[in-house]
Structure formats: C-alpha cells, structure tokens
Amino acid sequence: MSSLRLSKQQRDHLGLLQRPAADVVELCKSAFDYLINGPNLGRYETLAKKYSDSGSAEAVQQTVEALISLLISVTTRVGNGSVNMQAILRQTFPDLGDDVLEVLEQFVTSKRNFVEGSIKSANIRAYRLVNLDWRLEVRTASRSLLEQCHVVVTMKLYLHTEPKNENRELLAVDISGRSEAELKAMQEDERLHRKDLLVQTDVSSLVHMIKTLEDALAESKTRRIRNIVDAIH
Amino acid sequence: MATSPGKSPALDADPEPSGLLSATVVAGLRNLGAIISPPLTKLLIANSLKLTLHPDATIAPVPEIYASNAACAKQSEYAVVTLYALATKHGWDGLYLRQQLEQLALDTGAVDELSRVYEDNRKELVLRQLQLGHGFPHITDIQWRIVCDVKSSTSDCSTGVAHFHINLGNFRPSSGERVTIVEFVCNAEELQSLINRLKEIERHCNQMAVA
Numbered sequence: 001m002s003s004l005r006l007s008k009q010q011r012d013h014l015g016l017l018q019r020p021a022a023d024v025v026e027l028c029k030s031a032f033d034y035l036i037n038g039p040n041l042g043r044y045e046t047l048a049k050k051y052s053d054s055g056s057a058e059a060v061q062q063t064v065e066a067l068i069s070l071l072i073s074v075t076t077r078v079g080n081g082s083v084n085m086q087a088i089l090r091q092t093f094p095d096l097g098d099d100v101l102e103v104l105e106q107f108v109t110s111k112r113n114f115v116e117g118s119i120k121s122a123n124i125r126a127y128r129l130v131n132l133d134w135r136l137e138v139r140t141a142s143r144s145l146l147e148q149c150h151v152v153v154t155m156k157l158y159l160h161t162e163p164k165n166e167n168r169e170l171l172a173v174d175i176s177g178r179s180e181a182e183l184k185a186m187q188e189d190e191r192l193h194r195k196d197l198l199v200q201t202d203v204s205s206l207v208h209m210i211k212t213l214e215d216a217l218a219e220s221k222t223r224r225i226r227n228i229v230d231a232i233h
Numbered sequence: 001m002a003t004s005p006g007k008s009p010a011l012d013a014d015p016e017p018s019g020l021l022s023a024t025v026v027a028g029l030r031n032l033g034a035i036i037s038p039p040l041t042k043l044l045i046a047n048s049l050k051l052t053l054h055p056d057a058t059i060a061p062v063p064e065i066y067a068s069n070a071a072c073a074k075q076s077e078y079a080v081v082t083l084y085a086l087a088t089k090h091g092w093d094g095l096y097l098r099q100q101l102e103q104l105a106l107d108t109g110a111v112d113e114l115s116r117v118y119e120d121n122r123k124e125l126v127l128r129q130l131q132l133g134h135g136f137p138h139i140t141d142i143q144w145r146i147v148c149d150v151k152s153s154t155s156d157c158s159t160g161v162a163h164f165h166i167n168l169g170n171f172r173p174s175s176g177e178r179v180t181i182v183e184f185v186c187n188a189e190e191l192q193s194l195i196n197r198l199k200e201i202e203r204h205c206n207q208m209a210v211a
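If you're matching them up, the sequences are chains A and B in order. First residue of the first sequence: 1, per UniProt numbering; consecutive thereafter. First residue of the second sequence: 1, per UniProt numbering; consecutive thereafter.
Keep in mind the hints are simulated off the structure, nothing from the lab. Ideal Cβ positions, reconstructed from N, Cα and C, are used throughout, including at glycine. Accuracy of the hints is not assured; some may be wrong.
[To be verified] Using C-beta positions, here's what the derived DEER-type ranges look like:
1. A:211 / B:116: 35 to 43 angstroms
2. B:208 / A:192: 32 to 40 angstroms
3. B:211 / A:211: 37 to 45 angstroms
4. A:140 / B:204: 27 to 35 angstroms
5. A:211 / B:19: 44 to 52 angstroms
6. A:135 / B:123: 26 to 34 angstroms
7. A:192 / B:147: 22 to 30 angstroms
8. B:199 / A:180: 41 to 49 angstroms
9. B:24 / A:146: 34 to 42 angstroms
10. A:137 / B:112: 14 to 22 angstroms
11. B:90 / A:180: 50 to 58 angstroms
12. A:192 / B:116: 25 to 33 angstroms
[Unchecked claim] Mimicking BS3-like on lysine-lysine, the simulated pairs with C-alpha atoms at most 30 angstroms apart in a straight line are:
13. A:8 / A:156
14. A:211 / B:199
15. A:8 / B:50
16. B:74 / B:50
17. B:151 / B:74
18. A:111 / A:29
19. A:156 / A:49
20. A:221 / B:199
21. A:8 / A:29
22. B:151 / B:199
23. A:195 / B:151
24. A:195 / A:184
25. B:199 / A:156
26. B:123 / B:89
27. A:111 / B:199
28. B:123 / A:195
29. A:184 / A:211
30. B:123 / B:151
31. A:221 / B:50
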C-alpha cells in the first residue's frame, strides 16, 4: 500500500506533529471539535501559548485544518477496513515516532464513519426524508363550494440534506452556553439544509402510493439488484 | 310553504329571487333568446360551460355570436358562467335554478336550455369547483428509481447500498403534464418506515370510514 500524497503546504502545516504524542492528542481533539463546532480561535490561542517555542495560533489552526484534510484523504482513499492503516501512515510520515503514529491512527479511524457518510454524498446534496407528520381532515366548505365533504390527508414532510442519521445526531449539539452569533449561524445552517413541506393527498392516492413504494422495496430485494450492488461494491 | 322533495333548503328561507345575481348578470341572461337568437343562445351556453369546465380548452371560433351585438354576447357569456358558478357554490338543484330564472322573466327557451345544461353537467361543475381555491399541493402520483453509486468526485469507492429516489407529484388536469412536488432520497430502512407510516394513515382512514 502506497503512502498518501500530501502537498508541500499540507506537510508544512502538519509540522506541529513533530511535538510529543500528548500534544498531538490535543491537536487531534481540536480537530474533532472542529468537525462538530467549527474553528475555535480561543482554543488555538491557548495551545499556541503552550507551544511557545514553535507556533502561533495561526499555525495551530493550520495544523488542525491539515488534520481534517488528512482525515478526508484517508477516508477517500481507503474504502474498506481491511487495509493496514498503520503502514500507510508510517510510509506517509516516515519521520514520526511510533507513539505519534498510533495517535494519528486512532484519529483517522475513530471518525471515519462520520467523514465517510458526509463525503460520499457531499457532491450531491439530495434531500432525505427525516420525519413525516400527518393529519386526517374533512373539508366541509370552501369559497367556491359551500357544501362539501372531502376527505384529505395532510402531511408534513421534514426533509434534510444532511446525508446520514448518525451525522444528524452528531450535529444535534448542546446549544446552551453559546453566543448569540453562534446560535444565529447554527440557525442559518439549519435553514439552508432543511426543508419542511406541506402536501395533501386523498385516500385512494394514498393506497396507490403505498402499493408503489412496496413494489420499489420488493424490487430492491431481488437477486438481480443484489448481484449488481455486490458487484459494484 | 310546502316543500317538494327536490327543493333546496335555501328555498324556504329565501323565496324571492336570491340577491346573488347582480344587475349585470341578470341583463346578460335577459339577452339570451332575445337579442341573441335561440340557436346562438344554445351555442353560447355550451361554449360558456366548456370554458368553465376546461379553462384551457380551445373553443372553435363562432364569429356569428359576435357579428352583431358583440358587447351583449360577451355580457351574456359572463352571465352564464356566473350563474353556473353561483348555483354550484350554493348547491342549487336543477329545479331551484329553474325557479330562480323564471322569477327573472327570461325567455322560456333560454330558461329551458340553461336548466337542462346545468342539470346535465352538475357533477362536473361540482368537481371543477372542488379544485378551486387554496390547498396544499395534492399528490396523486409517485415515482421511484433505485440507484447505487459506483464512484464519485468525493469518494473513490461505492457506499455499497442501493438508494431510492422517490418523487411525489401530480398531473395537470388540463394538459396531463406531470408536475413534481417533491423529491427525496432514502435507504431501504427509511423507505420501510415511510411505508409503515403511510399504512398507519390508511388504517386510521379505514377506522374512520367504519365509524
């Protein structure tokens, strides 16, 4: 297995990995925090002060971002779990000590599922159905028809572009103790990725929908489809 | 006042010509069979009904309707459309419509034709007016496709599972063209839970029908 191809800039940014393993653990933790909460300049400031000999807050941030980039490259390159991650990392970073490599291996493997779900569908952000609320209604009058008795099923579809359930759960972070600007940014993000839609249908269309969806599900379980999916995988 | 079985309940409360029809409409109706000749009246009523039921329909041009008294003909078309819309809205039956028209001192032939056409097309008029007005997008059709990714710009390997693209939509009544209301993606597990949820709704509908 060949090493990962990293640019000169990426390697420069990962310069802080030359520090002791305990410091690398701190940096990896900051990278995890970045995945969930975005950059945290205060934290980078503190870390930079700690490494007074070799680094500014900016350097720390660049390292954190380069670690995320590393996480993404590893996940993109390595499809299944059968590869020797340690060997790839050793070849990529021949000058790092065993203890640091171990920390890095833990870092890239522990969040792989999270990253995998995101990058695999990141290119096409289709909406997923998250939840469905429904209400059975009888319309008894309208402006154009005063006497009527029309049964309708009103449904609210909750759609979200976030690709995987587990990622949505990770995104449901504790909002207490956050600044107003942070909350606003989170709401904005929520607004961009969510769509709630009200639709209605009648009972016979509903029955037709169930039948059609059951056909789709049954089709996906046929040997033909299974064979194709297995072959691609 | 005795009520005959076919009469609308509104008749008891309001024996006078209902104040629903404006002077313009009444004048338009009075043109029928008078200024507008009986054969043209028949044609005009048929065209007005067609326009009411199918607003996008192409009506064969009948220049003679407008050859003389074009303004009267247009007023009459407006009157017929209004009459049918109001009669449908208030749930008038054919007899009640006839009584209303008779009180307006219209041409007898015109009253006969208006009543006949109304009775013949009452169901269509009700269905048409059921579609009017505010409502959430109505789903009547569902399409699906099963997709499995092979490789993408962001990942070198497949996710290894098939996904369902579900498209909910309906058909435009006029042209038959399909309109997409919403499209989303789900995996087998999510699809199963959607089916279960829809079945739950169906079960509740059935319970309500029995009760």
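Structure-based check of each hint:
1. A:211 / B:116: 35 to 43 angstroms: 42 angstroms, holds
2. B:208 / A:192: 32 to 40 angstroms: 39 angstroms, holds
3. B:211 / A:211: 37 to 45 angstroms: Violated: the Cβ-Cβ distance is about 25 angstroms, outside 37 to 45 angstroms.
4. A:140 / B:204: 27 to 35 angstroms: The hinted range 27 to 35 angstroms is violated for residue 140 of chain A and residue 204 of chain B, with Cβ atoms some 19 angstroms apart.
5. A:211 / B:19: 44 to 52 angstroms: At 50 angstroms between Cβs, range holds.
6. A:135 / B:123: 26 to 34 angstroms: 28 angstroms, holds
7. A:192 / B:147: 22 to 30 angstroms: 24 angstroms, holds
8. B:199 / A:180: 41 to 49 angstroms: 44 angstroms, holds
9. B:24 / A:146: 34 to 42 angstroms: 23 angstroms, violated
10. A:137 / B:112: 14 to 22 angstroms: 41 angstroms, violated
11. B:90 / A:180: 50 to 58 angstroms: With Cβ atoms ~55 angstroms apart, the hint holds.
12. A:192 / B:116: 25 to 33 angstroms: 59 angstroms, violated
13. A:8 / A:156: Outside the cut-off at roughly 51 angstroms; violated.
14. A:211 / B:199: 10 angstroms, holds
15. A:8 / B:50: 75 angstroms, violated
16. B:74 / B:50: 15 angstroms, holds
17. B:151 / B:74: With Cα atoms ~64 angstroms apart, residue 151 of chain B and residue 74 of chain B exceed 30 angstroms; violated.
18. A:111 / A:29: Distance of about 11 angstroms is within 30 angstroms: holds.
19. A:156 / A:49: 51 angstroms, violated
20. A:221 / B:199: 20 angstroms, holds
21. A:8 / A:29: 24 angstroms, holds
22. B:151 / B:199: 36 angstroms, violated
23. A:195 / B:151: Answer holds: residue 195 of chain A to residue 151 of chain B is near 28 angstroms, not above 30 angstroms.
24. A:195 / A:184: 18 angstroms, holds
25. B:199 / A:156: Holds, at roughly 16 angstroms.
26. B:123 / B:89: With a Cα-Cα distance of about 12 angstroms, the restraint between residue 123 of chain B and residue 89 of chain B holds, given a limit of 30 angstroms.
27. A:111 / B:199: 37 angstroms, violated
28. B:123 / A:195: 38 angstroms, violated
29. A:184 / A:211: 43 angstroms, violated
30. B:123 / B:151: 55 angstroms, violated
31. A:221 / B:50: Roughly 49 angstroms separates the two Cα atoms, so the pair is violated.
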